[in-house]
Every structure is written in structure tokens, then in C-alpha cells.
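Participant: Sequence:
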Amino acid sequence: MVLLLEAVRRALGPSLAVVAVAFMIYAFFGPYMPDVIAFKGVSLSRFMGQETMSTEGIYGIPLDVSATIVFLFVLFGAMMNRAGGGAYFVRLAFSLLGSFRGGPAKAAVLASGLTGMVSGSSIANVVTTGTFTIPLMKSAGYPPKKAAAIEVAASTDGQLMPPIMGAAAFIIAEYCNLPYLEVVRAALVPAVLSYLTLFFITHIEACKLGLTSIPRRELPAFWPTLLQGLHFLLPLGVLLYQLVYLRHSPSLAVFNAIIFLGGLIVAQSLWSAKRGGRSAAAGLREALVIIWRSLVDGGRNMMGIGVAVAGAGLIVGVVNLGLGGLITEIVELMAGDNLYLLLGLTALACLIMGMGLPTTATYIVMASLMAVVIVDLGPSVGLVVPLIAAHLFVFYFGILADDTPPVGLAAYAASAIARSNPIPTGLQSFAYDMRTAILPFMFIFNSQLLLIGVDSWWVAAWVMLSGLAAMFAFAGATQGFLAARCRWYETVLLLAAAAVVLQPAASARWLGLAAAPAAQALGTALFVMVWLWQKMRAARENKKGA
582 MVLLLEAVRR
592 ALGPSLAVVA
602 VAFMIYAFFG
612 PYMPDVIAFK
622 GVSLSRFMGQ
632 ETMSTEGIYG
642 IPLDVSATIV
652 FLFVLFGAMM
662 NRAGGGAYFV
672 RLAFSLLGSF
682 RGGPAKAAVL
692 ASGLTGMVSG
702 SSIANVVTTG
712 TFTIPLMKSA
722 GYPPKKAAAI
732 EVAASTDGQL
742 MPPIMGAAAF
752 IIAEYCNLPY
762 LEVVRAALVP
772 AVLSYLTLFF
782 ITHIEACKLG
792 LTSIPRRELP
802 AFWPTLLQGL
812 HFLLPLGVLL
822 YQLVYLRHSP
832 SLAVFNAIIF
842 LGGLIVAQSL
852 WSAKRGGRSA
862 AAGLREALVI
872 IWRSLVDGGR
882 NMMGIGVAVA
892 GAGLIVGVVN
902 LGLGGLITEI
912 VELMAGDNLY
922 LLLGLTALAC
932 LIMGMGLPTT
942 ATYIVMASLM
952 AVVIVDLGPS
962 VGLVVPLIAA
972 HLFVFYFGIL
982 ADDTPPVGLA
992 AYAASAIARS
1002 NPIPTGLQSF
1012 AYDMRTAILP
1022 FMFIFNSQLL
1032 LIGVDSWWVA
1042 AWVMLSGLAA
1052 MFAFAGATQG
1062 FLAARCRWYE
1072 TVLLLAAAAV
1082 VLQPAASARW
1092 LGLAAAPAAQ
1102 ALGTALFVMV
1112 WLWQKMRAAR
1122 ENKKGA
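With our numbering, letter number 190 in the sequence shown gets 771, and the count goes up by one each step, no holes.
By construction, these hints were calculated from the structure, which means they are not laboratory data. All residues carry an ideal CB built from backbone N, CA and C; glycine is no exception. Heads up, none of these hints are tricks.
Listed below are the simulated DSS-like cross-link pairs for lysine-lysine, each with C-alpha atoms no more than 27 angstroms apart in a straight line:
| # | residue 1 | residue 2 |
| --- | --- | --- |
| 1 | LYS1125 | LYS789 |
| 2 | LYS1116 | LYS789 |
| 3 | LYS789 | LYS719 |
| 4 | LYS789 | LYS1124 |
Computed beta-carbon distance windows for the label pairs:
| # | residue 1 | residue 2 | range |
| --- | --- | --- | --- |
| 5 | TRP873 | GLU763 | 35 to 41 angstroms |
| 6 | LEU762 | LYS855 | 36 to 42 angstroms |
| 7 | ASP1036 | GLY903 | 40 to 46 angstroms |
| 8 | TYR921 | GLU763 | 26 to 32 angstroms |
Please construct the entire structure, taking both the sequences and the accompanying hints into account.
Facilitator: Set out below in C-alpha cells:
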């Protein structure tokens, strides 16, 4: 246990180790605490048995999933990056979106989303894509702080994007006793909505700053760029084919994808050697070097996840000894059977704990404490909250801690590249990520966003369209710009539109509407009305200026 704490300290810094030690001390000295937080305490033998000899401590479900599934996905991502997949996604994004207004920022969002699908780490995402995207955003006219903040917001959301989701997708599946594909299905629509809204925010910033597009002649051509690295999409196709159509387990599917990717690396190196006039032996040596470095990268990347999960297991072991019930009682007492207050307290706790802990560790600890409580309090406001919605709620707010000052590590990484102050950068990126912060509330109050209870493509399309309208309305209100600068009453109308779609069932009852879809239609129509209103005003102002 001492070795584990030292490994946590070396790999992740002192924060998680200090929190784990605090929980351990509390387990022994709980009887001597004030009455409100008093805990019956445990003996040393029971504590050690719980932590090291059961599956409710260090060697629990999260560590098992990390060792058997997560490591293989991390290795797959490392091999893709070493083979050139990360750089290919960046080039592809710029060739596709660079010519649009604010193109470098839009390309950064797309590149980070594509890279995040296989990396699952916000900091790794910032370092991989930000090295290319941040300087280009600065050269296009974005201030250093905003260029770094856009990259941070995009990279942070990389953990939301299936299939890896920062290693949490597999742990969520185990905790909720759901097939992995069900977790991916539930997480897909919110992740897409988050990225589309960030695209919209980058466009708003470009309009506010008066930026133009990059000339097409300065960008790589799309079709040649796409074809140049098309082979990088094959391993992803192999992975998805096995998961979706063959219904293989995640570990078997990614293992086969790794073998396929290894063969692809060998073929790519041999082809490169042939084109360069080198021998086949030289190409084979190059392939072996890439594979070896991928193994090293995979091991290093997994180190942080592995010790974080084991350290979180140490905390969860104390929680399962009975401390969890006490903490839950205190939170329920503070919330007073009010789901809204409980969600707010849970979100705040996730942000605070996530400042010092990795995302996966934050999720494991907070889910073990709060997920069931959120489900149990749902009926207090007439809701049936699915367990996966509660788990994703906790996961989302654990992710947002990566760009929350003063500790947001992703903001520090991006600031180093952009040469900006990390605290203002973190504040700006959190302002961009506020649109992600309302998503968990949306799918708690409307589980159709997780495609739960959705039985047709038409319903799914409507849920996504109305959700996108709410997200755009909220982004426009918080950024003070939609098609033109928002006046105060337009901001109020946009917030009202977002609120109506946020809670469609309750809004329908309050407004006397027939059903939740009517409330969603009203919120969507209100957003469209404000947007058209601003478009007409902007056209009149441009006409006067001309």
C-alpha cells in the first residue's frame, strides 16, 4: 500500500496520494470526529482485508477493467500516433475546414475530436494537436489566450468522444452492468452536440474578432490529403466492425485491431523504404522501431491511468467500509430531497475533486458516492433517472476539472504552447466549456438524449435537433453573440429557449403544453426567431455602413 501511494505521488503528483491518505486516516479516527461527520471506524485487519483481499478495494472492478481492456485501447492509440495517424487527422481537418471563417479554430476542434477518439486523454490531446493548431490560430488573428482556450476546450471534450472516453467507457459499462456498445450509444449524441456547439463558438469568436478565412492556396488539398492517409482509417474500421457487427468483446476487438495495425505499420514502412530507394531490411527496422516506441508510449500513458485507478480503489475501499453511507446522508441532508440542489452539489464536488485527481479517478470516487443517490431522488421531481445518466453526469463534471483554474492541467499545457497566462486561459476555456456543463443536466431531465426510449430515426433526429438548438442558444447567450451582438432582452430569450428544452417535460407542464415535444418545438422556435431577428438587424447595419 505504501508502494502504491508512492507510485501515485510519482506518476500524478501529491494530490491523489494526499486524498487517499486522508480517507485512510478518517477510516481509523472516525469515532473521534465531531458528531455530524463521526464514523464508526474500522480495525486494521478489516481495513487491510477490504483493501487488498477483496474486490471492493484496490483490486476492484476499475483496476480489472484497466488491466484487461483499457491498456489495449491505450496501446492502440499510441500505435496510431506513432504511425502518423495523429498528424494525418490534423492535416485532414485543416484541408477540410481551413478555408472557412475562423478555419484554424474549426480545424483544431475537428482534429482534437478525431484524435480524442483514440487517445482519451485531454493533456495528450493538447500536446498532440495543439503543437500544430495553436500557432495557426494565432497567425489567423486569434489572441494567444483564446487560441489556447479553444484547443483546451476541444481536447477536454476528446474524453467525451467514444470509443475510449478517457478509459471510463469500460468502467461505466461494468458499474452499470451494460454492454459496452450501449454505453457508446448513450454517450454518442451528447459528445456530438458538444463538438458541434464548440464549432459554433469558434465561429462566434471569429465574427467578434472580424477574422477572415485562410486562402485555399495556402492549405493542403482535401482529396489528396484524404487519400494520402486513408489507410489510417482501416484499423478504426476493423475495430468498429468487430464491435458493432461481430459483437466481439472490446478486448478481443481491440487486440485484433492492434495486430492489424502492426501489420499496417510494417507494410507502410516497407512501402516507404521502396519509394525512397532503401532496402526492405531498412524498412523492416523502421517498422520495428515504430512498434517498439509505441509499446513504450503505451506503457507510459497507461502508467498514469493504472496508478490513478488503483489509488481511487484505495479511496473506494474506505467508502465501501461504511463511509460512503455517511457522506451520502450528509449530502442528502444538505440537498433536502431536492434533485436540483443535489445535482448542483454533485457537480461542484466533481469540479473540486477533479482539480487534484485524474478524470478516471474522480469518476470512480464520485460515482461510488453519488450515482445511486441521483437515481433515488429522481422521483422527487417526477423523473425516472437511468443509472447510466447519473454515471455520465459525474463523468462529465470530472472532465471539466481539466480546464478549471487554478489547477487545470490541460490549460497549463496549452498555455505553454501559446505563451499565454495559464489562469486566464483556464478561465476562458471554462467559459467555452460551459456549453458542456449544461449537457449533463439536459440528459438527466431528458434521457432521450442518451437514446434511451428512442425507437425511430425520426425521434432521434428531433431530439438531436432540439438539443442542438438549446446548446446554440445557451452558447449565444453566454458569448453575447449569435448572428450579431446580443442585446439584453435577446440574451434573456436565448436563455429561456435553452431552459425550455433543458427540461421539456416540466416545461410542458408549466406552460400548459400537450407534451414534451411541444416544449422542445417552442424552445427551438424561440432560438430560430432570435437568430433571424439578429440576421436581419446585422443586414440593416451592414447596409447602412456600406
